[in-house]
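Q: Spelled out from the first residue to the last, the chains are:
Protein chains: 2
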Amino acid sequence: MKAGLIQQAYAGEKAKTVAETVAKIEEAAEKGADLVVLQELHQSHYFCITEDTEHFALAQSFEEDVRFWGEIARKSGVVLVTSLFEQRAPGLYHNTAVVFEKDGSVAGKYRKMHIPDDPGFYEKFYFTPGDMGFEPIDTSVGRLGVLICWDQWYPEAARLMALNGADMLIYPTAIGWFDEDSEAEKARQLDAWITIQRSHAVANGIPVISVNRVGKEYDPSGQLDGIRFWGNSFVCGWQGEMLFRGSVHEASADVVEIDMQRVAEVRNIWPFLRDRRIDSYKKLTKRYIFKP
Amino acid sequence: MKAGLIQQAYAGEKAKTVAETVAKIEEAAEKGADLVVLQELHQSHYFCITEDTEHFALAQSFEEDVRFWGEIARKSGVVLVTSLFEQRAPGLYHNTAVVFEKDGSVAGKYRKMHIPDDPGFYEKFYFTPGDMGFEPIDTSVGRLGVLICWDQWYPEAARLMALNGADMLIYPTAIGWFDEDSEAEKARQLDAWITIQRSHAVANGIPVISVNRVGKEYDPSGQLDGIRFWGNSFVCGWQGEMLFRGSVHEASADVVEIDMQRVAEVRNIWPFLRDRRIDSYKKLTKRYIFKP
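Protein sequences appear in the order of chains A and B.
Number 320 marks the last residue of the first sequence (the numbering used here); no jumps.
Number 320 marks the last residue of the second sequence (the numbering used here); no jumps.
It is worth saying that the hints were derived from the structure and are not from the lab.
Incorrect hints may have been included.
[Said to hold, decoys possible] Just so you have them, the derived chain A footprint on chain B, three or more residues with Cβ under 8 Å: (1) 175 to 184; (2) 238 to 251; (3) 258 to 269; (4) 308 to 318.
[Claimed, not checked] 25 Å max Cα-Cα, derived BS3-like pairs, lysine-lysine: (5) A:Lys319 / B:Lys310; (6) B:Lys137 / A:Lys314; (7) A:Lys137 / B:Lys30; (8) B:Lys137 / B:Lys30; (9) B:Lys137 / A:Lys103; (10) A:Lys137 / B:Lys314; (11) A:Lys311 / B:Lys30; (12) A:Lys310 / B:Lys310; (13) A:Lys310 / B:Lys314; (14) A:Lys137 / B:Lys310; (15) B:Lys314 / A:Lys314.
Cβ atoms here follow ideal geometry from the backbone N, Cα and C, with glycine treated the same way.
Isolated chain A, as found in the complex:
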């Protein structure tokens, strides 16, 4: 199975950005990609950098966007993982990955379950948490455990996707640095981000595809300077081994081969699923247990 990863910078407006994405999907398809993964909210700037009701307008084209990307998937002949801003009803919005089959039909969607909220990442203002659970999406290239960005910090999400039969985990994401942070802090953040996602591969015997944006985007409110998205889109294999790691600054369309036959080999030597203490995990549904 060949996976294409499209890492790009926001081009200043939707039409130009989408045109670049389409060109990169075609490039990946020409390189033999069966599956193409786009970054989080790839049609726009990362508008969650500030809270502004005007940005809800970006979600109104959701149905139109779905038709558009379905057509692109069909034309390119790839399974396509998109990341869109979904207006479900006026005043009710989701951060939604829509997955298309090679014929352009909708294979399924996933609504981001874990919603962050930090300075510069005001997602709780824009997105209501997903209500569709951790359900993989069946496609012609496998059963896809699609999750989104903040979900990547949660072992529970990865585990539930694996228990639900996912063949791989896929994370469209938008994460970066504040320029004012120290180099040491930046290094810790990037390394932690790669480590936690590789750990999901290790714990579950499952490959991981993570696609992040590049470029600096400024805070229009002036409250913050902005976010420098750190790229580093990557693929790791069934044991968490790095198969591909993208650039920190450059846009790219890379195609990485994943050996889908490795699953049994790895899970048979590392039979972690065999020994889970499911009789003792009940309190994982608690917010916190300790009472000092």
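Got chain A sorted already, so can you dock chain B onto it with the hints?
A: Structure of chain B alone, referenced to chain A:
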């Protein structure tokens, strides 16, 4: 807080091995350690390399061992994490970490919850799975989330310890390579082992101390060649950043400082515990969910 990590090879018999351990605990105490962590089953060879009922005799001294290590903790003035073979009743055995306070009293114990069983690691023959859950142990140096070896591959165990108020995770362990494996496979295994444990630090905002043995131990049954324990005892901080990494082959008594004030700083910028979807985690208590 200064943590001492005692990494050593089996010296061929219990008395000599224990004497070396005691000398190393004293060395760590002299270097200022408040806490000393020993490797898994540090009194003996890794007897689980083969299934032999004669090895159950090693567990009969459990009460005597507890008294002995309590006295060592008192003499050295450190909180001491030991890893012992516990006979609970004839024919009923546990892989048990006993933690001692600086005054030599027993602070608490943890019985290994996840029990492996692979060629050369026949632990299901020797140890019944722990029945005390994932309960941290309160000591004068903090609330210790003590887990053992195979537990390290389970994000659920780390999470439950964190939700139960653990201040750090501690893994006595015994893991190594088969010489006949390829260098690439060995590298993947060691890297995965470090990655999964660092990920527990990241996911929970908690430091991790892992102590592994060194040296090659042969399979007396001749079925396998043996295990080359890979050392690499390490400490990582609240963001998963490596603070210390030990040698692959050498015995050592290293002391590493952990800044216990970092917890709030890290968890406030990475508020992962805030956003867990506890309403959607119920199926983590299932063995498997997907029905093809």
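Q: Has the region 238 to 251 of chain B got at least three residues whose CB is nearer than 8 Å to a CB belonging to chain A?
A: With 0 residues closer than 8 Å to chain A, the region 238 to 251 of chain B misses the three-residue bar; violated.
Q: Quick one, are A:Lys311 and B:Lys30 close enough, alpha carbons at most 25 Å?
A: Violated, at roughly 31 Å.
Q: Is the listed coverage of the region 258 to 269 of chain B by chain A valid when you require three or more residues with a beta carbon under 8 Å from a beta carbon of that chain?
A: holds (count 3)
Q: Does B:Lys30 sit within 25 Å of A:Lys137, going by the straight-line distance between their CA atoms?
A: Measuring from Cα to Cα gives roughly 49 Å; hence the hint is violated.
Q: Would the pair A:Lys137 and B:Lys314 pass a check requiring their Cα atoms to be no farther apart than 25 Å?
A: holds (24 Å)
Q: Straight-line Cα separation of B:Lys137 and B:Lys30 no greater than 25 Å?
A: holds (21 Å)
Q: Is the straight-line distance between the alpha-carbon of A:Lys310 and that of B:Lys314 25 Å or less?
A: holds (10 Å)
Q: Take a quick look at whether B:Lys314 and A:Lys314 sit within 25 Å of each other, Cα to Cα.
A: holds (17 Å)
Q: Given that the region 175 to 184 of chain B was listed as covered by chain A, double-check it with a C-beta distance under 8 Å for 3 or more residues.
A: holds (count 5)
Q: What's the verdict on B:Lys137 and A:Lys314, does the C-alpha distance respect the 25 Å limit or exceed it?
A: Holds: B:Lys137 and A:Lys314 sit about 24 Å apart, inside 25 Å.
Q: Between A:Lys319 and B:Lys310, is the straight-line Cα distance small enough, at 25 Å or below?
A: Distance ~22 Å between A:Lys319 and B:Lys310 Cα, so the pair holds.
Q: Three residues or more, CB to CB closer than 8 Å: is that satisfied between the region 308 to 318 of chain B and chain A?
A: holds (count 11)
Checked against the numbered hints above, the structure breaks hints 2, 7, 9, 11 and satisfies the rest.
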